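Trainee: This is what each chain is made of:
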Amino acid sequence: MTTEASRGAEAPPELVQLLTPEGERVEHPDYDIDLTPEEVRSLYRDLVLVRRIDLEAVALQRQGELGIWASLLGQEAAQIGSGRALTDVDMAFPTYREHGVAWCRDVDPVKLLGLFRGVNHGGWDPKEHNFHLYTIVIGSQTLHAVGYAMGIQRDDASAATIAYFGDGATSQGDVNESFIWASVFNAPIVFFCQNNQWAISEPLEKQSRIPLYRRASGFGFPGIRVDGNDVFACLAVTRKALEAARTGQGPTLIEAFTYRMGAHTTTDDPTRYRVASELEAWKLKDPIERLKAYLFKSEHADQAFFDGVDGEAAQLGADLRRRCLAMPDPEPLAIFDHVYSESHALMDQERAQFAAYLEGFAK
Amino acid sequence: MTTEASRGAEAPPELVQLLTPEGERVEHPDYDIDLTPEEVRSLYRDLVLVRRIDLEAVALQRQGELGIWASLLGQEAAQIGSGRALTDVDMAFPTYREHGVAWCRDVDPVKLLGLFRGVNHGGWDPKEHNFHLYTIVIGSQTLHAVGYAMGIQRDDASAATIAYFGDGATSQGDVNESFIWASVFNAPIVFFCQNNQWAISEPLEKQSRIPLYRRASGFGFPGIRVDGNDVFACLAVTRKALEAARTGQGPTLIEAFTYRMGAHTTTDDPTRYRVASELEAWKLKDPIERLKAYLFKSEHADQAFFDGVDGEAAQLGADLRRRCLAMPDPEPLAIFDHVYSESHALMDQERAQFAAYLEGFAK
Amino acid sequence: MTIMSLSKALNEGMRKAMEDDPKVLIMGEDVGKLGGVFRVTDGLQKDFGEDRVIDTPLAESGIIGTAIGLALRGYRPVCEIQFDGFVFPAADQIITQLAKMPMRSLGAIKLPVVVRIPCGGGIGAVEHHSESPEAYFTHTAGLRVVACSNPADAYTMIQQAIRSDDPVIFFEPKRRYWEKADIDTASTEWWPPLHAAKVVRPGTDATLLAYGPMVKTCLEAATAAEDDGRSLEVIDLRSLNPLDEPLVLESARRTGRVVVVHEAPVNNGFGAELAARITEQCFYHLESPVLRAGGFSTPYPPSKLEEHYLPDLDRVLDAVDRTFGY
Amino acid sequence: MTIMSLSKALNEGMRKAMEDDPKVLIMGEDVGKLGGVFRVTDGLQKDFGEDRVIDTPLAESGIIGTAIGLALRGYRPVCEIQFDGFVFPAADQIITQLAKMPMRSLGAIKLPVVVRIPCGGGIGAVEHHSESPEAYFTHTAGLRVVACSNPADAYTMIQQAIRSDDPVIFFEPKRRYWEKADIDTASTEWWPPLHAAKVVRPGTDATLLAYGPMVKTCLEAATAAEDDGRSLEVIDLRSLNPLDEPLVLESARRTGRVVVVHEAPVNNGFGAELAARITEQCFYHLESPVLRAGGFSTPYPPSKLEEHYLPDLDRVLDAVDRTFGY
Ligand SMILES: Cc1ncc(C[n+]2csc(CCOP(=O)(O)OP(=O)(O)O)c2C)c(N)n1
Ligand SMILES: Cc1ncc(C[n+]2csc(CCOP(=O)(O)OP(=O)(O)O)c2C)c(N)n1
Ligand SMILES: [Mg+2]
Ligand SMILES: [Mg+2]
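Residue numbers (full-length UniProt numbering), protein chains in the order written: chain L, 1 to 363; chain A, 1 to 363; chain R, 1 to 326; chain V, 1 to 326.
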């Protein structure tokens with residue numbers, strides 16, 4: 001099995017790259033991007049801040065403040081690049097790991113912690129941010145995203161939908177059905193697959209024997225592989241795909257070739273199934289380091305800027321920790337809230353009975 | 001919508017054909033077949049007899065002897081061609097329409113009638129014929145077929161599995177999951193899709209915007225489209241795919257491009273959703289007519305032969321009718337049989353209670 | 001007033017809902033030109049177009065999953081599952097997403113999705129075409145589950161279900177599709193709430209609880225029982241979740257004898273919930289245990305056996321007799 | 001004798017089954033190198049190879065569907081569903097194929113497939129990781145449904161389930177995986193049949209019926225009740241379908257009071273079936289209705305609320321008190 005090859009450190013030929021691991025800008029025949037120094041610095045800031053949020057969450061879990069956490073470590077560029085390609089009217093459907101995209105959609109980071117702390121199952125209003133709730137059942141959200149895109153068509157709106165999912169998710173029936181619906185209805189959607197090489201302990205070859213972006217060809221729409229650790233390339237490729245969707249050209253599958261640098265979640269132990277050398281190889285392709293190198297070389301930023309961002313990050317982390325600890329626990333009777341949006345006899349009955357029961361204890 | 005184009009009468013270029021609708025033998029770079037006149041006549045006989053079985057079943061349904069029937073009219077060549085490509089050790093997983101394949105697997109035609117008459121849900125022993133029971137839930141059997149093929153691998157046997165399904169089935173999650181399993185495990189399986197242009201009232205473009213055989217490319221294995229009304233081509237293409245499977249070269253998807261000349265089932269009314277001209281166009285491509293024309297031209301058969309086959313068909317039909325009417329109804333208590341293969345307290349209890357209840361009436 | 005079959009009443013109800021609200025969509029397999037295999041959506045695509053009456057690819061999970069997405073965008077999809085036995089590929093989307101997403105969102109999301117399921121046996125069909133899967137859904141919190149039993153209710157209940165902001169699993173009694181009744185679609189008279197049960201025949205000696213196809217069977221049983229001098233009350237539950245408990249309990253206390261009738265297998269069927277609930281709350285009023293006349297705890301048999309499998313007038317009366325044996 | 005956790009007991013049981021029968025296979029997500037997220041299959045791939053311990057693609061329908069195919073070829077697959085809440089994508093293959101194919105074949109086909117499902121809450125997990133979906137399967141004819149509650153049973157029951165020629169849904173009490181007990185794997189002593197229930201604590205005043213994770217909770221409740229001078233009998237059902245009716249009914253008749261305890265939502269849960277069945281057959285022996293202490297009829301709540309959602313010692317005793325209120 002070509003384990004190394006299929007998730008190896010050297011990028012396969014067909015991969016779109018605009019910024020090398022060494023921080024060199026390179027050209028690509030079909031994709032280019034033209035950013036002001038200001039915009040590049042802003043992307044760098046995004047990357048650093050979301051990594052900091054992630055690190056803080058991992059720490060909070062270690063200290064028992066969160067039940068579990070799914071780290072995005074290593075996938076910052078894929079998430080910020082695609083997330084910044086979205087316009088306000090576009091709608092995003094995340095998995096449980098898109099903390100970077102949430103950041104781009106202005107979801108207060110502390111709201112992401114709610115479900116991992118166990119105070120709720122989803123703490124923000126999707127409509128407010130055009131960012132759907134995290135979905136834990138692998139692949140389900142891809143169908144929701146296509147349905148939403150069909151709604152956009154019926155509204156005659158110029159907007160697009162983006163559905164996030166992982167390499168493992170590509171094996172689920174729902175994800176493949178979403179490809180079918182999207183192509184048959186020519187829905188305005190971008191399928192953004194973060195191939196981080198692993199589905200918990202299973203390497204990519206347990207899900208596919210060919211590069212994932214090629215899956216789209218079987219359904220009649222374009223698929224493309226992008227360097228998922230290159231924020232420029234992710235931004236450029238996603239922008240183009242979203243624009244195609246908005247202008248009636250239908251779906252695109254983007255495979256962001258990246259790496260899950262951390263454990264699957266804080267409860268996972270990767271040493272049981274993958275070799276340390278793999279991580280080392282990928283560290284050389286770190287999405288933040290390469291952008292930092294580029295900013296230095298291009299003299300778009302100086303030390304003061306980097307120090308500033310680091311300081312901001314430190315503060316963001318401290319602030320997040322403080323507000324996490326301050327999160328109120330839900331009331332016992334909240335168990336019965338929002339199960340139905342209209343009144344429901346059984347909910348009223350069980351709520352009343354449980355209230356009386358708790359009363360009894362109070363006495 | 002290119003309705004006509006996608007299920008039009010003129011065969012698309014990429015289609016493998018060895019016998020034209022006019023009965024001319026043609027060459028194909030990758031596929032050929034070398035049959036003795038005897039073998040060709042035998043294929044003709046198969047086609048005529050299964051059509052006769054089908055016609056008789058339709059008549060039986062009209063007369064109320066069957067609850068429903070799914071006709072194979074027009075798909076004889078796809079089924080006989082692929083069915084005759086199978087060896088005894090190969091295993092076939094049909095839908096509910098593979099009466100022609102059942103014929104090739106030596107399943108007594110009257111046994112096919114059981115489930116349509118309502119005396120059972122499946123009347124033959126799959127192991128005895130290496131022909132699985134009919135599966136009504138669209139797509140489910142494709143996963144069973146892949147699992148069976150994985151078993152063949154574990155047995156180190158030189159055998160293959162063939163999974164039958166329709167154009168509509170390609171939209172089901174299960175079918176796409178079966179493609180994934182097959183490619184990841186390189187299972188010895190042939191996916192035989194009879195694209196008869198319709199899923200009840202839905203034309204192909206409701207399931208896919210590209211030719212179905214191309215679906216395989218998204219999963220990393222070969223897909224090929226064959227003229228489903230050409231028994232030679234179906235035999236040649238299926239043989240090659242089965243041999244590839246048996247020799248460790250993994251799965252192949254075959255799209256047999258054909259046409260459902262009858263209603264979806266005897267309860268369906270196609271006039272509600274398709275134009276008569278479509279059927280007329282396809283009649284010119286009838287699988288039996290073209291082989292008959294070939295046999296005449298090649299002088300491999302004379303009128304006496306054709307008369308003989310017709311006589312055999314008439315007898316088969318009469319015989320089938322007689323034995324259908326003679327089928328015994330199941331006993332009431334059979335409701336509880338075979339639900340579990342080992343004894344089960346609840347079955348025993350309910351069986352006893354119901355027996356007593358029936359007793360009560362007897363008295 | 002117009003004489004209408006149950007299937008036509010559903011068709012008219014959906015038509016009305018689509019006229020009243022442009023956000024209402026119909027989606028499913030063969031619901032367009034064909035009008036569905038039971039013609040329940042007949043003519044709707046012709047009149048409302050392909051954007052509002054959508055022939056979908058052949059995949060139930062896809063139907064429910066995309067319906068959820070459309071609902072998130074503000075639409076009100078009415079999904080047709082072609083037959084009861086084909087709802088299971090959609091089980092995950094219904095149970096983990098449709099039922100739970102509103103609570104997941106702390107109320108920010110409403111999912112006004114109706115899932116229409118023709119259900120039950122008695123039409124001589126092949127496997128998977130005669131099942132009664134309601135218990136899978138009554139056990140799933142977050143769903144409302146209703147079943148119509150006659151044309152008039154079909155006409156009003158489908159409209160109420162479509163208006164509901166919660167997901168509704170809507171069961172249609174297949175074998176009653178062709179039953180006719182006089183319906184006044186113009187009538188502005190008050191409609192009973194979607195979740196209200198109905199006493200369809202008052203009685204004093206025992207209560208028959210039914211829904212969907214078994215309501216008619218129970219009414220016939222009650223008529224037959226009358227000749228033996230037994231007065232049976234028949235209640236059409238109409239709604240399984242939530243249950244109209246007050247009405248059911250009042251009747252149970254009054255008659256002291258209850259028989260639950262449904263086509264689904266008895267084992268862990270909805271009848272079990274009714275029996276447990278009624279017994280808990282009417283313990284001292286019951287002259288006999290709540291008995292269940294239902295399908296046997298086996299897969300649905302070949303159609304030649306369905307007359308034996310399904311509860312019929314005799315099986316219902318046999319159960320009633322047994323309640324008098326205590 | 002070796003001290004073993006419940007998860008280790010399952011692991012040893014499967015190892016034994018694989019040694020005894022080369023046709024036994026393990027399949028599922030992450031069951032190989034990782035040994036499953038709960039390590040229940042730890043080390044099995046190393047010792048039996050990738051052909052017998054199969055890391056599958058990430059799709060539950062595919063897992064069950066291909067397991068059926070392997071069974072048709074003569075294998076005995078043991079499938080792991082990673083968490084209770086992820087069994088639903090496989091619902092169609094389990095309900096329409098695994099459960100019904102043997103009957104469909106008139107007995108020509110046997111499907112010795114085991115579906116292992118870690119179930120229940122109490123471990124502070126996120127959504128979909130704490131559910132108790134047993135009622136969906138007890139209502140599905142053709143399946144055998146069992147639940148182990150302790151290491152010793154885990155060791156024997158998993159082997160018996162694998163030996164069964166019928167499909168078995170095998171529930172494992174997640175939060176009890178780490179509970180330890182002394183197990184004599186060498187012992188040749190008689191094993192109770194897979195479908196036999198067990199009186200795990202004899203008592204005279206009331207009967208507690210439980211299975212899986214709630215057995216321990218009920219034992220604790222019985223101990224606490226003793227101090228109030230109440231003698232509670234605790235029965236570990238072990239098998240939900242078929243049910244060990246004789247043992248359950250005998251106890252119910254003897255004590256006259258029964259409380260059913262499970263984590264699943266009460267509404268149409270398995271407790272409803274027990275209540276209906278017991279009441280029907282012990283009507284004159286019951287001093288009070290069979291009461292149910294279970295999860296509320298809502299989706300499983302965020303983990304900060306699970307201690308309130310799940311029946312605990314107090315909720316069980318409260319139900320017991322109420323049976324004495326009649
Ligand atoms: C239907 C379903 N099955 C199993 C799981 C358990 N599970 C959670 S994450 C995961 C792996 C997902 O891998 P991938 O799609 O590559 O996403 P990643 O976690 O790598 O971002 C699995 C199996 C689940 N959440 N949903
Ligand atoms: C899961 C499922 N959904 C719906 C149906 C109802 N149904 C029976 S046949 C059919 C169309 C199948 O079309 P296709 O796959 O092209 O096969 P064909 O009948 O044309 O041979 C449908 C929707 C079913 N049997 N199973
Ligand atoms: Mg991954
Ligand atoms: Mg077709």
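It cannot be assumed that every hint is accurate.
As the list claims (entries may be wrong) - Chain A side only, calculated, beta carbon under 7 Å to chain L, not exhaustive: (1) Gly-173; (2) Asn-176; (3) Arg-209; (4) Arg-215; (5) Gly-220.
Since the hints were made in silico from the structure, they are not lab data.
If you're wondering where the values come from, they're calculated on a predicted model, not measured in any experiment.
Heads up, the beta-carbon is just placed ideally off N, CA and C, and yes, glycines get one too.
Trainee: Hint by hint, work out which the structure violates, then give me just those numbers in ascending order.
Mentor: Every hint satisfied by this model.
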